[in-house]
Structure formats: C-alpha cells, structure tokens
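Asker: What follows is each chain in one-letter form.
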Amino acid sequence: MSIIEVQSVSYSYPDSSAHALNELSLSVQEGDFVGIVGPSGAGKSTLALALSGAIPHHFRGNFFGKILVAGMDTCTVALTDISKIVGSVTQDINAQMVASIVEDELLFGLENFAVPHAEIPERITYALETVGIANLRFREIASLSGGQKQKVAIAALLALQPQVMVLDEPTAALDPTSSELIFQTLSELNKTKGITVVVIEQKVGLLAKYCSKIAVMDKGSICAYGSGEEVFSQVDLLQEVGVDVPRCVRVSKGVHELSHQSEYAHLLSEANSAVCDETALSVQSAAKQLACCVGALQHRSISLTEDSQPVATNDVELAGETYLPKIDGPVIAESSGPFDRIGILQDAEQPSVQSVLDVIDATFKYQGSTDGVERVSLSLRPGELVALVGQNGAGKTTLTKLVNGLLRPRSGDIHLKGASCKDWKTSQIAQHVSTLFQNPDYQICKESVLEEIAFGLELKAVSAEDARKKALEVIDRMGLDADASPFMLSRGQRQMVALASVVACEPDILVLDEPTSGLDYKECMQVMNMVKSLCEKGCAVLMVCHDMEVVLDFATRIVVMAHGSVLDDGEVAQIFSADEVLKEAYVEAPQMIQLSKLAGAHVDPSFAGLNSASEVLEALQHQFEIARIAATLNGKEAPRG
Amino acid sequence: MGSVIDYTEGTSFLHKANPVAKLVFALELFVAAFAAQGTIEVLAVLALTICVGVVSQNAQKTFKLVFGFAVLGLILCVVQTLVAPAGQTLFLFITVGGLERGFNVALKTIALALPLLSMLSLMRVEDLMNALVEVAHVPYPYAFTIATVLRFVPVFASEMNHIMEAQMARGVEFDTKNPIKKLQLTMPLIVPLLVSSVKKADASALAAEQRGFYLRNASSAFKRYPLAPSDFALMILGVAVIVVILVFS
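First to last, the protein sequences are chains A and B.
Position 311 of the first sequence, counted from 1, bears residue number 311 in the working numbering, the numbering being contiguous throughout.
Take any residue in the second sequence, note its place counting from 1, add 641, and you have its number in the working numbering.
Don't read these hints as lab results, they were simulated from the structure.
Don't take each hint at face value.
[Claimed, not checked] Subject to a maximum C-alpha distance of 20 angstroms in a straight line, what follows is the list of computed PhoX-like cross-link-like pairs (lysine-lysine):
(1) K864/B x K446/A
(2) K823/B x K460/A
(3) K840/B x K446/A
(4) K425/A x K470/A
(5) K446/A x K702/B
(6) K818/B x K422/A
(7) K425/A x K401/A
(8) K365/A x K422/A
(9) K191/A x K219/A
(10) K822/B x K460/A
(11) K209/A x K253/A
(12) K253/A x K288/A
(13) K470/A x K537/A
(14) K702/B x K657/B
(15) K417/A x K446/A
(16) K657/B x K864/B
(17) K219/A x K469/A
(18) K470/A x K417/A
(19) K446/A x K470/A
(20) K840/B x K425/A
(21) K460/A x K537/A
(22) K288/A x K597/A
(23) K446/A x K422/A
(24) K425/A x K657/B
(25) K209/A x K219/A
(26) K702/B x K425/A
(27) K84/A x K193/A
[To be verified] Short derived list, chain B residues pointing at chain A, Cβ under 7 angstroms:
(28) E775
(29) D816
(30) S837
(31) R852
All C-beta atoms, glycine included, are put in the ideal place defined by N, C-alpha and C.
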C-alpha cells in the first residue's frame with residue numbers, strides 16, 4: 001500500500017519561472033527505504049519540502065498536481081496534520097533545533113501535539129534508546145557532534161511516532177563512520193519499527209547498501225526508480241545525469257561487457273554468464289563476479305570466504321599464463337584512474353625538491369579542552385596534493401588552521417618556504433596560503449562573481465584593474481557568470497566561485513577543508529580537476545577529505561590523523577594497504593582497494609594492488625585472453641561450466 | 642566556544658530559583674543601579690551584583706562581563722570627562738568634577754548591564770520561556786521569540802567568527818591594531834551574516850511549525866514552574882535593595 005503518492009507535481013518558487021519540480025510522479029510504499037539522488041538543482045530538496053508539506057504551506061509559489069500522504073491531499077490539510085504522518089529533517093541541522101537541551105528538543109513536539117503528559121516520559125525514553133543516545137538526554141545540543149545532532153533530530157521525530165521520515169542530506173557534514181551510523185539507525189527504524197524512510201543523499205555507496213529503492217532525479221523529474229541493482233545498472237544514464245555510481249558497479253558493468261564480447265562469450269557457461277549479468281553493488285558481490293569469471297576461465301572453483309586458502313602465484317603460472325607481467329607489490333599507475341589522476345610516483349621522482357611548507361613538531365590545544373594537535377610534523381612540496389584523513393575530531397581542521405595562521409602553535413613551528421612564520425600576521429601568511437572552506441558562504445562577501453574574485457586578488461596587493469582582468473580570465477576558464485550574484489547561486493556554484501577566487505590568486509599553498517562536501521558528482525569532478533590543474537602549476541595542496549574515492553583519485557600522498565596526532569604519512573597505495581592504521585583512524589579504504597585486496601588474495605594475484613575499475617577490468621581481460629589463447633591452442637572450444 | 646550568556650551548570654540557590662523570580666531580581670538590581678546617584682551607591686549595587694555572580698558559581702562569566710563592559714565604561718568616562726567639565730581643572734580640559742561624573746557614568750554602565758546578562762547565564766532559555774508563559778502569562782509565541790533570539794545569539798556569534806576567520810585566511814587584515822580600520826573591514830561581512838541569519842531563521846521557523854508550534858496552548862507544557870517561598874524572598878530582597886539605595890541617594 002502506498003503511503004506517499006506524488007501525482008504529476010510541478011512547482012516553481014515565487015519570482016521564478018523555472019520549474020523546480022516538473023511533472024514529477026512517485027509512489028512510495030509503506031515500509032520502503034527510498035534513497036533520492038541527483039545532481040545539484042535537480043529538485044531533490046524541493047521534493048523533500050513538498051513531501052513534508054512545507055510546500056505549499058510554508059513556501060509559496062506555483063504548485064500543480066497532487067501529493068497524497070496516507071491518503072490526505074497535502075494541499076487541503078494543515079501542515080501540522082501532515083507532520084503527524086511525515087517527520088522531516090532539513091539540511092541545516094543547527095537551524096532545525098528549537099531547544100538547547102536534548103530532552104527539551106524532544107519535548108517540544110510532544111507538548112505541541114498534545115501527547116498526554118503521562119505518556120511523555122515513556123516516549124522520550126523510547127526515542128532516545130531506539131536511536132542509541134539515551135546517555136545524551138540532558139546534554140547541551142551545542143556541545144554535540146554533527147552525528148549526534150542528526151540522531152537527536154531523528155529521535156525528536158521518532159518520539160512523535162511518524163509513519164514516514166524524510167531526511168535531506170543527513171550525512172553531508174559527517175565523516176564516513178558517523179554517516180554509516182546514521183544509515184544504520186535509519187535502517188533499524190525501517191526494519192524494526194516499519195517506518196518508511198525517504199532520504200536524499202549524494203553518497204551512493206550508502207544508498208546502494210541500505211536503500212530498498214533508489215530514485216534518480218534530474219531537472220525536476222524522476223528519471224530512474226527501482227531497486228539499487230535496477231538503477232545503478234543504468235550507468236550511462238547516471239553518467240549523463242551527473243550521478244556517481246559505486247565503483248563496484250563500474251567493475252560489474254565491465255565484467256558484463258567482457259563476458260558478452262564475441263571472442264570471449266563462448267568461454268563462459270550460461271550460469272556463469274548469468275552471474276556476470278548481475279549488478280554488483282558491494283565489494284563482496286563484485287569479487288564474487290570476478291571469482292565466477294576467473295574460476296570458469298581457469299577451470300577451478302574459487303571461494304571468497306576468510307578461511308579459504310589465498311591463491312598462490314604458482315597456481316597462475318600452472319595455468320599457462322607465464323607471459324603475464326608478474327605483480328611484485330602494489331601496482332602504481334601514473335594516470336590510469338578513471339579521472340586521469342596525478343601520478344603518485346611524483347614524490348619518489350622528486351625527492352630533492354625543497355618543501356614549501358614544514359610543520360615542525362607543532363602542538364596546539366583549545367582552551368579548557370584536550371582537543372587539538374600534539375607534536376605534529378608534516379612537509380609539503382610544490383605540486384603535491386596531500387590528503388588529511390581521519391575521523392571528525394582527529395585534529396585535521398586544527399592542523400589546517402595552524403597552516404593558514406588562524407591558530408598559532410603553542411610549541412613547535414610552521415615554516416613557509418623555509419622561513420618561520422611565527423611572527424607573521426595571518427594576513428601576511430595569506431599572501432602564500434589560500435584556504436577554501438567547507439562552507440563557501442563564509443568566504444563570499446561581494447555582490448557579483450566578478451567583484452568577489454577580484455577582491456581576493458586585491459587583498460594580495462594586485463591593482464584593481466589587473467585584478468579585474470585576471471578575475472575575468474578565471475571566470476572565463478571556469479565558465480562562471482561574471483555578473484551573477486553569488487548569494488543567488490546553488491551550493492555547488494558558490495563553491496566554484498569561492499574556488500575561483502582562490503585559483504585566481506595562484507597561491508604557493510592551497511588548504512582545502514572538505515572541498516567536495518555537499519557537491520554532486522559533476523561539481524565534485526569540476527572542483528577537483530581545477531585543484532589538480534593548480535597542482536600541476538606547482539601549488540602544494542593540503543586537503544581535508546572524508547571521501548576516500550576522491551582521495552584515491554586525486555591525492556599524491558595521505559596523512560592519517562587520529563587523536564590529534566599523525567598516525568601515518570605515505571603514498572596512497574601504502575596507506576590504503578595499512579589495515580591497522582586505517583582501523584585506528586576509523587577510515588575505510590575505497591571500494592577498489594578493498595576489491596583488489598579481496599580478489600588478489602582469493603581470486604587471482606594479478607588483481608592485487610590495483611586502484612581503479614579500469615585496472616581491475618584490464619587484469620580480467622588478460623584472464624579472458626589467456627583462456628581464449630589456451631582454447632585456440634588446444635584446438636577445441638573451452639569446455640562449458 | 643560558548644558565549645557569556647550560555648547557561649552555566651550549577652546547584653546554587655539561584656540555579657534552583659524560578660526563572661521569573663531571577664528575571665525580576667535582575668530587573669530590581671537594574672532599577673537600583675539606575676536610582677543610585679552617588680559613586681558609593683552605584684559601587685554598592687555593582688558589588689552586590691558581582692557577589693550574586695560569585696555565590697551562584699558563575700564568577701568567571703561575571704568578571705568576563707565586568708571587564709567587557711569596563712571597556713565601554715572607559716570610553717563613556719573619557720567622553721563624559723571631556724564634555725561636562727566642572728570644578729577645579731587638573732590639566733587641559735580635565736576637571737575634578739568631570740572626572741567624577743565620568744567615573745560615575747562608567748560604573749553605572751557596568752552596573753546597569755551586568756544584572757540581566759549575568760542572570761541569563763543562570764537559567765536555560767527553555768525554562769525562562771516556559772516560566773514566563775506559566776507565571777507571567779506571557780503569550781507563548783512572544784516567549785518563544787525571546788527564547789529563540791537568546792538561543793541564536795551564540796549561533797550568530799559563531800557564524801560571525803567563521804566568516805571573520807574565512808576572510809582573515811583570504812588576507813583581510815582583521816589582525817590590524819587600528820580599530821577604525823577593523824570596523825571598516827567588518828562592514829562588508831554584514832551581508833554574508835545577514836544571508837546566513839535569514840536562512841537559519843526561516844529553517845528554524847519551518848522546523849517549529851512542522852512540530853506543531855501553532856497547536857500549542859496554555860496546558861501544553863510538561864514541566865511546571867510554580868513560585869516557591871524562596872522565589873518571593875529573592876524578589877523581596879531586590880525590593881529592599883531599591884529601597885536602601887533610594888534612602889541613601
């Protein structure tokens with residue numbers, strides 16, 4: 001039975017002729033866990049507002065069509081009637097809070113909806129315990145982490161016992177561990193309490209793992225809707241729309257294509273071909289596909305279980321594929337990633353290059369707190385893109401603030417181009433170090449894009465005329481509208497404007513704090529490619545990033561932080577193979593690293609150390625090729641099965 | 642980082658007092674400071690306010706507020722000394738009478754501002770809001786507005802801090818020692834702060850509306866805030882202070 005029925009809804013905001021929602025239809029069944037994904041400006045947040053009744057009750061504008069929530073037309077009932085069925089969590093979690101104490105936050109809705117007072121304590125306890133934050137009941141909300149605040153918002157809804165929860169990007173500002181915990185909580189509520197969940201999210205890995213259905217939005221409409229397998233198998237459509245797919249899906253698609261190539265199709269049985277036709281959403285299922293293919297090609301049975309014997313290199317040689325290049329340690333490709341990533345050998349190739357930034361044994365602690373960094377050392381050379389990874393609170397942002405001079409080390413020192421900047425003013429440090437903050441709204445202060453970018457240059461003592469000329473060049477290069485008001489642009493475009501003002505300054509060092517957070521796939525690639533081009537010009541980049549796929553694709557080095565200290569500092573492949581370090585820092589290796597590790601150990605050693613889907617598929621193609629040659633040499637078709 | 646009006650945890654008598662009684666007591670201290678004429682009387686009210694802060698385990702924030710307002714008081718003292726000369730000249734335009742008046746104005750500024758702000762950090766905004774509705778019969782929407790404003794003060798202060806940090810990292814000279822230049826540099830930042838404030842206020846209003854804000858009535862509140870004899874004693878103490886000050890002034 002459908003709990004939400006969206007029937008040909010079109011909506012445009014006041015003073016705008018463009019349709020934010022365009023003839024959109026969607027049916028959500030009771031007990032569904034629906035993920036909504038799409039590029040910026042596709043209308044995802046507008047849809048969330050419409051589902052929760054905020055449109056048309058809070059936001060005016062032109063609304064056509066009908067939305068039925070539990071059979072009620074949202075246009076004809078009051079917003080509070082809809083709220084009894086649908087609870088919603090908006091993007092800005094701080095603005096969502098109406099109280100300063102967790103318990104009061106839960107009380108607010110219960111009191112207003114006239115829940116009998118005798119029931120209130122029980123409901124509060126139930127909601128807090130279900131979400132797993134009973135210990136936070138009397139805490140100040142301001143003192144909670146982002147993940148805890150999200151859980152408070154969910155508990156506040158849960159106390160009202162809604163039938164549907166609508167959440168707009170609940171993990172946008174969270175690290176991978178906290179994001180996973182939020183989705184686990186939602187999944188538990190969905191499975192055990194039967195609450196229908198509709199969640200807008202850019203992290204496709206989470207959607208693939210937890211959602212029973214995925215809806216893809218583009219230009220105000222739904223362009224794909226179905227199970228994770230059904231939706232993510234439409235790779236071409238998703239790429240055209242600008243939605244990322246889990247990396248395993250790329251492998252899966254490649255396996256499917258290889259298995260259907262005319263020269264290889266006869267090498268697999270129908271049963272094996274059927275496995276290759278499936279869409280693998282997880283590392284395990286992608287590894288199973290590889291195991292199925294390679295097993296069939298090598299005429300052996302492959303198990304992926306922990307206790308199965310890892311494949312020995314000799315096994316491969318016995319199969320007669322001695323011409324294959326032997327893999328000795330991790331394969332380090334120079335530009336073979338899906339985004340033509342920067343060669344990660346750069347560091348090894350240029351060992352003698354003078355560092356542009358040296359953090360020497362720096363310690364900083366916030367007043368009255370143990371948070372901060374402890375004896376951190378780090379060097380950055382021109383052209384390097386160093387990713388700082390670790391959990392929220394690991395000290396990453398503090399380290400970036402020490403680099404750009406917003407904080408000063410209590411002990412230790414920071415050297416820029418070999419000189420100590422202990423006595424430099426922050427504005428002096430800014431002549432060498434530019435920072436792109438997670439929230440572009442903190443940076444933007446001018447009324448047009450041109451003024452905004454030129455202002456950044458003027459701060460670097462460039463004359464107004466030259467600044468304008470240079471700003472126009474950058475605007476042209478980045479395809480921005482010079483006269484547009486930055487405040488009226490989308491989140492992604494505002495991030496591009498903030499980046500443009502940094503790019504125009506051509507700094508020696510660029511500090512990026514979560515540059516891709518809240519951006520869609522296309523915008524993410526646009527931002528990172530621009531950062532990459534800065535690197536190629538010799539700018540050293542220090543990037544705080546929670547998205548390990550971005551780190552894998554773009555970083556040349558990784559610094560892992562935990563508890564205010566540097567746990568490890570090394571090349572990308574080296575860090576991602578250090579399981580203990582990743583575990584301690586609560587960092588999960590990207591899907592391709594996990595897949596190559598699993599397939600390398602249990603399927604074939606040639607998969608070990610590969611970093612991208614194309615490398616994995618290349619290795620698989622070798623296997624097909626060997627099997628084809630072997631079949632030809634034997635003068636007979638390879639046996640089926 | 643918290644602001645000076647954020648709630649300070651504690652178990653003192655004032656922490657347990659009814660928020661309305663605390664508010665009335667703060668207003669009484671304000672009236673006493675206003676009524677005080679001589680420097681000694683103003684100093685007495687100020688000393689009492691500081692004592693209340695110390696006794697209620699809130700000394701740190703109280704002294705922070707005193708020092709904060711002392712800067713404003715100093716500026717007013719200088720202005721008053723220069724514009725209202727009286728009595729014997731000490732040097733140039735500085736007179737004994739002017740200096741005395743200036744000092745009095747400075748003390749009065751601190752004494753007027755301190756009670757309310759110091760008392761706000763001894764009560765949670767939700768408690769204040771609910772008590773105002775129950776005890777003082779303030780309509781809930783107004784009480785909620787007051788509470789929201791108080792709750793958003795530290796939020797906006799934090800937003801402003803983020804904005805200033807971002808601008809400093811761009812090279813804007815907020816680290817200059819010239820206060821006029823600093824003020825000039827701050828003016829353009831009002832635009833992003835305003836944009837972010839309007840967005841937050843709208844999101845907050847929607848969140849409240851969706852959680853039944855307009856359905857609330859007088860019997861909705863779960864927590865009760867009856868006035869205890871100790872609350873009346875506190876308010877009577879405030880009246881006594883006013884009377885004493887009036888008598889001595």
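Asker: So which hints don't hold here, by number, going up?
Answerer: 1, 4, 5, 9, 15, 17, 18, 20, 23, 24, 25, 26 and 28
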